[in-house]
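These protein sequences, in sequence, are chains Z and F. Counting from 1, one number per residue, gives the positions in the first sequence under the numbering used here. Counting from 1001, one number per residue, gives the positions in the second sequence under the numbering used here.
No lab work stands behind these hints: they were computed from the structure. One should not assume that every hint holds.
To be verified - In silico lysine-lysine, BS3-like type, Cα no more than 30 Å apart, as pairs: (1) F:K1109 x Z:K62; (2) F:K1117 x Z:K230; (3) Z:K402 x F:K1060; (4) F:K1117 x Z:K93.
Bear in mind the structure is a predicted one, so any value in this text is a computation, not a measurement.
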Amino acid sequence: MQHSLLFIKNLLKSNILKVFLFLFFLSSALFAEEITFKQILENPTDIELNLKYAKQQEQAGKYKSTIATLERLNMLYPANTDIKIYLLSILLKMDSEIRVQLMIERMLKDPNTTDEAKEYINKVTSTMYAKKKQSNWFAYADLSLSQTENSNIDAVSRSSSLWVQDQKLAFAADSVTYDKSMTRGVSFTIGKNLDNTSAVSLNLGFDLTTQRYGDGDESDLASGSISYSKSLGKHFLLPYVYYSRPNNRLANDYNSRGIGFNNSYFINKKNRISYSGGYSSTAYDNNNNFTTANKQNNETYSTNIAYSYDLTPKDNLNPKIFYNKVIANADYNGNENFGLTLAYARVLPFELGLLRLESTYKKKQHDDRDSFVNTTIGRQDQEIIGQALITGRLNRILPFLKKIDKNGSLFHSLKYRKTDVDSTLVTNTVETEYLTYKITKRLNFNELF
Amino acid sequence: MNYFRFFILLFFLLTFNNVNSFAKEFIGIISAAIGNIENQDSTKLTNGSKIYFGDTIIVKEKSNAQVLLLDETVLTLGEDSEVIIDEFIYDPQSKDGKIVSNILRGTVKVITGEISKKNPDNLEITMPAGTLGARGTEFVVVADSKDKSTVVLLGPGPNNTLGMIPGNVEVSDGKNTIGIVIPGHQSIITN
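Chain F extracted, bound-state conformation (with noise of 0.2 Å):
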């Protein structure tokens, strides 16, 4: 009988640990927090502190943050900002992976990396407003409210010295895509 109990505590041990480790997967850090960083549970996060599968970032007034996923992706939140990471799966190796971020306020910069790269479908980013799949490029998304959203695209103008090809973003309210060829250019979504 007692051993029956022993491996039944195992069994809930070993459960219990990999649901913790699941949830717990580390995907980035927070590169550079300047000013008040928190996460979903309110603790406070600061330069260096480890992003998991699942959290939120939430940038408070007067405070931005960088932060640094596994593929080199790369988001910086602008101040009253809130993103998730709904979907990270990334292989080092193939760079094969899936990133879907949810932008939920504020101002964000996104700077692709290696999924995108290696498949730019991998890449999609969620606004209050519609949604969005780059190409190999830098831009930016501005959550202005739950019924707008506005995305200008940056990356590499066409005179660019350093052989960079221009990427582009594809904008979608759901009825609608647009595509965003042009740095400097802007798509306003409304609901």
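With the rest of the complex left out, here is chain Z (with noise of 0.2 Å):
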């Protein structure tokens, strides 16, 4: 016996048993069991186990599972208030609102919840409060590049000849038919839910141009506008007021400022109406290049009604009707027109985006005849439109660009359009063709509120 104790004790003394006790203590730790998912498929009601798997998959930073985990032992082990507290402590680390506070009022109600649950549930509750309220404000800003291509960028006539002061005349040899321009465009708009029916908005935006060949369209506009929405039952009402100030590289300058409404009456899931008016006022810059811009001084009278018909939950049918009433400080730039549009639109598939085909009919009467021009000939045009749009997401036609632009933010638009105007004078009697690509990043700045 004493031999038997004489030897424990030099065991002890030993570094071979500190060793060894070191070696078992980091087996144990290194060979603890790791519960594997299949345990879990096996035993989804073992408490103990589920709960060290909360643990394992937490210390893993898979909340997800641990979420998942903690959910499913709150619904079998509802009288478990320690579950609860384990569950509300992640959902709180996760920032997530919505559901501590479900968590807390179902808590509350639960006569098992114990006075300790309860005093922890005041402290998350009085953190929460402290917290700034969710805010009503919204902002957001649109970057935008595009590039249009014109292939009658000075508006030559299709005879080549133009009336000037009762004679006809051959337009300038240096005239630019086809030409492409660029135009960078930056737009803000902030704004705020007044409530779940309303909302206001202001929008500022900067676009600039500039052309390839020619510098005739050349130009920077600033525009700023404010609207209003409000539904009101099937009503949908939309008052604006907005300003655009261009600043043209060659061209006269003028603002132009505006008032206008919208509104949209949904009669069903397939049939609405919606009809606007607005009304703006132009004012030219007067200067040594242009001693007489403010002739073409001038107020906007517009109106229009639209009708819209869905074919399909996909293809949708719009015609409208339009009038406009311009009167200027000289007579012969004033002018009365109107005229019909039909439009149809449809979604494409695989989300491609929306397609929409366009044709407009309009004449135009102009108030008098422009002395400068022909002194007998009065000017009335009557002008086609033809258009195709095709809108959408850029991710949906370049896959790839799904790992770059994950909330799909970048859109694109491709549009032609074809302009044939048949006029009186044959200055006017001009066919253009247009072909433009834009490209548009929104940024979100919800998260700043």
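Got two chains here, separate frames each, mind docking them using the hints?
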């Protein structure tokens, strides 16, 4: 017996035992049983096993699995407050306010909730109230880049001739027909949801347009608008005011301000009537280069009514009639125009976007003859406009962009437009084709509020 | 002649056996069953009941259930809910697969699993009104009626301290697609 005790005493003193004990504890830690998903499938209700699994998944950063496990245990063992507190602590770390609130409400109603748990809930609630209230404000910016190919940028007439003081002359030899222009634009919108049915928003924009060959259409444009939207039963009303100020490189500058409204009346799921009215005032800048620019100053009254019919959930037909009256300082710049637009829109398969085909007939009658052009022939135009537009999210047509554009905030549009004007004045008998490709990136700032 | 009959019999046995095993492909379990839960054959489903490909899970009134699929996708069904797993293909090695689930009615919370993690496009949920796709997140679908479905994005908030990346849900009514990126926000789809 004495020998045995002496042996143990010596062993405890020796390094061999210390090393052995260290290795034993290390191996226990290293080879601690890791619970597998297969075990959970076989024992989904085992509280001890599942709690260990939840803890392991939490330590491994697999929080979704932790939440799913704790939610299951909470369903199976509703009287267990510890599980609820554990789940609540994860949801808090997850910053899932909506779920935390729901869970707290349920726990407070639950008679099994202990005083200790209620104390914890009080702490959580006070922390949540300390956080700022969710804002009704919203904001976003659109950055756009577009290129337009224009077949007749200087509006050379079909016969290449024009009237000047009753004389028919040829257009200048250096007139540009085909050209490309590029526009870089930025617009910023900020708004507030006033309640569940109305909102107000402010938009500020700036566009810079440059031309490839000529420079007659080069400009920058500053604009702003304020709009209010209100849903009233089957009506959706949108009144607005706007201001725009182009700064043209060669042409005379002006500013334009306007006010208008649009109302859509939803008859039923398939039928909708929209109508709008507007007034705008445009004032041109007189200067040394443009001494009579203010003769173009005008006031415009515009109105239209449109009917929208969904042929199928993916096809829409949209005829519209419009009437506009332009009252200008010089009568020959004033006109009355009216017409009809027929539009058809189709949602493309595989969410590739929207196709819209549109055709417009417009008749325009100028109020007086322009003596600088022709003293005997008044101007009356008939215009036919054809347009095809495809628009949608870029990552739908270029799937590899999904990795970069995860939330689908990159939009594209491809527009072809042809205008064919037949006028009583050869000067204005003009045919032009446009092809525009535009890419827009939307940056959402809602999370700032 | 007897041999011929034997082979014909064997052929049919093997054929039916294959069809049966295909139809009875195990895809997950009822991990929690509270109250009255049934499948399409009115068989009562309890804790641990196996779910097979093509099964309909019906949760009756005052009942709820959690379904754990093999790729760790979790469906939590509220009372008076009905869900069919229309498609479930999963390779546990590569984590490749596809899930198409049809929520016929009720309230269903979904926590996405490995299939969605590997390829978000391979998780598709159809609802009475519209469809949705999800990217690494948690969301609730409320199939209010045949003509109306509501989708609420849950998932981690922007101030989460777990390093979780907020997911998003894309909801489509077949005509328009809307992305929900802010937790707590919802989209209502009507036919």
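So, going through the hints one by one against the coordinates:
1. F:K1109 x Z:K62: 18 Å, holds
2. F:K1117 x Z:K230: Given pair K1117 of chain F, K230 of chain Z is violated - Cα atoms ~41 Å apart, limit 30 Å.
3. Z:K402 x F:K1060: 40 Å, violated
4. F:K1117 x Z:K93: 21 Å, holds
Consistency with the previously given hints fails for numbers 2 and 3, ordered from lowest to highest.
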